[in-house]
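Residues per chain are reported as follows:
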Amino acid sequence: MIDVRSLKVTFNQGTPMESRALRGVDLHIPAGQFVAVIGSNGAGKTTFLNALSGEARPDTGRILIDDEDVTNWPAHRRSTLVARVFQDPMAGSCANLTIADNMGLAAARTGRRSLRPAVNRALREEFRAHLARLELGLENRLDDPMELLSGGQRQAVSLLMATIRPMKILLLDEHTAALDPKIAAFVLELTRRIVAEQKLTTLMVTHSMRQALDVGDRTVMLHEGRVVLDVIGEQRRGMKVEDLLRMFEKVRGQELDDDKLLLG
Amino acid sequence: MSLIAFLGAVETGLIYALVALGVYLSFRVLQFPDLTVDGSFPLGAAVAGILIVSGINPFLATFAAFFAGAAAGLVTAWLNVRLNILHLLASILTMIALFSINLRVMGGPVVPLLGEQTVFSGLDGLGIPSYWTLPAALLVIVVLCKIAIDLFLNSQIGAAMRATGSNARMARAQGINTGAYVLLGIALSNALVAVGGALFAQTQGAADITLGVGTIVVGLAAVIGGEAVILPRTPFLSTLACIAGSILYRIAVALALNADFIGLKAQDLNLITAVLVAGAMVLPTVRTPVTRALLKARGR
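Protein chains in written order, with this note's numbering: chain A, 1 to 264; chain B, 1 to 300.
A few of these clues could be false.
Covered stretches of chain A, as calculated for chain B (at least 3 residues, CB under 8 angstroms) [claimed, not checked]:
id, stretch
1, 12-20
2, 80-91
3, 116-126
Calculated from the structure, these hints are not laboratory results.
Bear in mind that the values here come from a model prediction, so they are computed numbers and not experimental data.
Note that CB positions come from ideal geometry on N, CA and C, so glycine has one too.
Let the sequences and hints guide you as you build the complete structure.
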C-alpha cells in the first residue's frame, strides 16, 4: 500500500531556472493495484517516479509505503521496497557485466551484500529458469555481456531483474517506449503476466493513451504537477481514447496538435 | 639484453603490476580517473622505509604502507563523493598534499635502506642469486594479490563495485550505496599502489620523494598495454592483463634502452613511456582494419 500526500518537488529552487515539477500530488494506491499514469511532456510523470524511488527529493509532502514514512530514505535504501524499470533499455543493466552478473546484482537487492560469491550454482539455475520463460534463448547465454543483447532483450531482462525479489511497488517508466512495436507488445505482455502472477502493486508511466486505458486497473492523468484525472472500475471501462483526449484538451485549454499521444 | 637485465625488468614489472592492479580498480572498475597514485606510491615507500629504519619488522612496515595508501585513497574519494569535487581534481589535490606529507614522514627527501632488514632478507640464505629469488618472490606476491582481487570482484560486494562504475543509477536502484563503494574501491586501489611503493623501496635500497613521478602513466601503460594483449572479458582476464601488461612494458623499456643503435638513454624513459602509452591506446583501433583484412583473406 502506497500513500503519497501533498508531494511537491521543485528543481533549481530560488534560481531563474526554477521549475515546479510536482505541485502537490495526493495518491493512495492499495496493495495489488496496477496504476497507469499518463500526461504530456513536462507533466511530472518521471519526477513522480523519481520521488517514489528516492532519486528526486521532495520539498514538502510525505511518501508512505505500508505505513512506513520513507520520504527521507535515499534511493539505495528505498530499493528494498521499490523496484524499477527505466525507459532507456541501456539504463536498467550494466553493459559490460554478464547477464548472470546483472541478475546477481538484482538478486542481492533485498539482502545485505557480503564477500560471498555474487553468483553461485543455485542462483544460476534460478536465473536460467526465469530466462527460459522469456523464450528468447537467453537461458543459454548467462555468461554473455549484457551489451550483446538487443534493446528488447535487455528490457525483458530488466523486467525480470526488477521482479526477481519481492518488493512493495514496481515502477515502470515508459518501459516500452524505446522499443519497436513488436518487441514493445512482447514486453508489455510479459509485464502483465508477471504483475498478475505475483500480484504486484505497480505504477506504469506511459505515453500511449491506449495503454493507459487497456493496461492495469486504474488510470491517473498528471498535468502541470497535479493529478487531474483518476478513474477506476466501471467509469474507466466506459472510457475511450477520445474521452481521454478531450480531457487532455480541457486541461491544456487548447487543441491537441500532437498526435503522438494517439499512437500505440 | 643480458639475462640479468631481463630479470631486472621482470622484477620491476612485477612490482608495478601491483600499481597496475590498483589503477585497474580505479580507472576501469570504478571509471574514476585517480591520479592520487603519484603520491600514494612514494607514501608507501616512505611509511615502510621510515618504519624499517626505526627497527619495525619489515612485513609489519609493508602492512602499514597498505593502510597509509588506503587512507590517501579515502581522502580523494571523500573529496569527490562528499564534497562533490571533480574526481580528477580531487585526486590531484591529494597527490599534491601527499608530496608534503611524504617529506614529513621521511624527514627528508631520501631514506636509505641499504643494510636494513627487508621483506626479502630471508631470501639471502637460500644461496641463489637475488636476480632469481627477487622476481620469484614477487611473482608469488603478485599472483596472491591477483587471486584475492579476482575473488573480491566476483563477490557480492565486488559485483556491486563493478556496477557502481558501470551504471551508477542502476546500481542505486539495486540497493547499492554507490558513494560507499567509491570510497572502498579508491582506498583499495591506493592501498595496492602503496604496497607496490613499499616493495619498490625495499628492492631499490631507498625510499625517495621522487619515486612517484609518472606512476599513473606507468600504471595506465600496463593496464592499456595488457588489454591490447589479453582481451579483458572477465575480471580474471582483466587482472591477468594488468600483470602481463606491466611486465611487457618493462621489457619493452629495457629493450629500447639496450638497443644502442637507437641511442636512447635512461633520461629518455618518460618519453618512451608516453610514446608506448599513446601507441597502446591507438592499437585497438588500428587492429580492427587489420583483423578485417585477415578475415577477408580467409574468404569470410
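Hint by hint, work out which the structure violates, then give me just those numbers in ascending order. 1
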